[in-house]
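K.L.:
Here is how the chains run, residue by residue.
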Amino acid sequence: MSQHTLDCRNLLCPMPVIRTQNALKELSEGELLEVTCTDPGTLSDIPTWCRINQHEVVSTEEDKHEIVFIIKK
Amino acid sequence: MTQETSSVNTGEQPKQRKAVALISGGLDSLLAAKVVQEQGIHVEGINFYTGFCVEGHTHAIRKKDKDKQKRNNSLWVAEQLGIKLHIIDISEEYKDIVLNPKHGYGANLNPCLDCKIFMVNQAQAWAWAEENGFDFIITGEVIGQRPKSQRKETMPIIARESGADDRLLRPLCAKNLMPTLPEREGWVNRDELYDFSGRSRKPQFELAKKFGFEDFAQPAGGCCFLTDANYSKKLADLWDARGERRYELDDIMLLKVGRHIRPKKNFKLIVSREEGENNFLRGYKKQFTSIHTVSHGGPLTLLDGEFDKEDIKLAAQIAARYSGGKNADQVTVQVENYKGTSFVMDVPPMSAEEVKQEWHV
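As given, the protein sequences belong to chains A and B, one line each in that order. Quick note on full-length UniProt numbering: the first sequence kicks off at 1 and runs consecutively. Quick note on full-length UniProt numbering: the second sequence kicks off at 1 and runs consecutively.
Looking at chain A on its own, in the form it has when it is part of the complex (with noise of 0.2 Å):
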């Protein structure tokens, strides 16, 4: 299965949730997208869109300067 990758490093929400949405839009159904992102609020914003828009969270790994998501369409 392919995987996409997507760098919001240093960005600010919404704008992680708003690159993620795009992102997902140029995918097939069941590819995978790996979010990089800095800003914490990304940590409830990005499942919580995932959740109402029917995507899912697969892994959400986070370090200290880094979160990292992988979504499946």
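The set of hints was computed from the structure by calculation and includes no laboratory data. Each hint should be verified, as a subset may be incorrect.
[To be verified] Partner residues aside, some chain B positions facing chain A, computed with beta carbon under 8 Å:
id, residue
1, Y49
2, R71
3, N72
4, L75
5, A78
6, E79
7, K84
8, L85
9, I87
10, D89
11, G283
[Unchecked claim] Below, a list of computed lysine to aspartate or glutamate pairs in the EDC-like style, where the Cα atoms sit at most 20 Å apart:
id, chain 1, residue 1, chain 2, residue 2
12, B, K313, B, E336
13, B, K84, A, E56
14, A, K73, B, E79
[To be verified] Here are some chain A residues the structure puts well away from chain B; computed CB gaps all over 12 Å:
id, residue
15, L33
16, S59
17, V68
From a predicted model like this one, the values you see are computed outputs, not experimental measurements. Glycine included, every Cβ here is placed at the ideal spot set by N, Cα and C.
Given chain A, put chain B in place with the hints provided.
P.N.:
Chain B alone, transformed into the frame defined by chain A:
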């Protein structure tokens, strides 16, 4: 033959009508969408990002707000309603609204009426698009709720100038207005819409209670920084210093953060107030000259504008004033330009009195 007439002739289920609701994250738009949803209409939300949205940003930047919930209210509203939410970045096109509002500003630099017209227009362009196929637009407007944009006489102006005309439904005050297309066609029942008016929020609170909504957001002054007097003052200062009215997205982001101190017209300092802001400003080091104190703990400072060596010394003395070395004879600072080239200098910190009150933007 259209789908609509065929359904009448054959007795099939009437067409499922679709409405797009402008969702700000506040209570009124939540209720407006809910009222229409309750009538069996398929509702989806649309939310616009102007760059001036109070939502999210500041909470994410400032550490002192860490305990506050960092939820995005428009996403929260969509989840409460169980609807999809489409977030649209209009920050670039929005500049023209802020810089040249046809209907003028409100109490501050808030172009509320032009803003509403623009948003309804954008929602309409999105909603009528063939692949989206929506029938009408919903807003949470209430007559008399806001002094600049939500008045009896502005309601038809918004409908007309946005191009949405009578496909613009305001469920919370519809009974005070002429029937719109969705009402006349019977897509929604006018009797089950509302007649709210005035600044009182009581009817909204009662309706929220009826629907079982709790914990909704109630930002003072709405959800836009342009209604904030201090913010507008900083934006006006930026235009004044540059000698022209223009801004980039980074400019308006930075106006939300730190102390802004302008000792001379040609440049200003943006001094972080705490760790969260420090981290945020660090992200701009490749775009601005920055100052940080080396001999003592202290904030990160960015310099915005044009400055010479003397100006940098002055800035360093001000930055030192906000460091742990403010009472020391000398503070060592590192000055780094956007290319990463840096040098170190010792400066005497300014006293509190020397940092003049009128420098604070």
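K.L.:
If a hint holds in the structure, say so; if it does not, say that too.
P.N.:
Structure-based check of each hint:
1. Y49: Check passed: Cβ of B:Y49 comes within 6 Å of chain A, closer than 8 Å.
2. R71: holds (5 Å)
3. N72: Holds - the Cβ of B:N72 comes within 8 Å of chain A, reaching about 5 Å at its closest.
4. L75: Because about 4 Å separates B:L75 from the closest Cβ in chain A, which is inside the 8 Å limit, the hint holds.
5. A78: holds (5 Å)
6. E79: holds (5 Å)
7. K84: holds (6 Å)
8. L85: holds (6 Å)
9. I87: holds (5 Å)
10. D89: It holds, given that the least Cβ distance between B:D89 and chain A is near 5 Å, below 8 Å.
11. G283: holds (4 Å)
12. B:K313 / B:E336: Within the cut-off at roughly 13 Å; holds.
13. B:K84 / A:E56: holds (14 Å)
14. A:K73 / B:E79: holds (18 Å)
15. L33: Given a closest Cβ separation of 16 Å, the condition holds.
16. S59: For A:S59, whose nearest Cβ neighbour in chain B is about 20 Å away, the distance exceeds 12 Å, so it holds.
17. V68: The assertion about A:V68 holds, with a minimum of 17 Å to chain B.
Comparing the model with each earlier hint shows no violations; every hint is respected.
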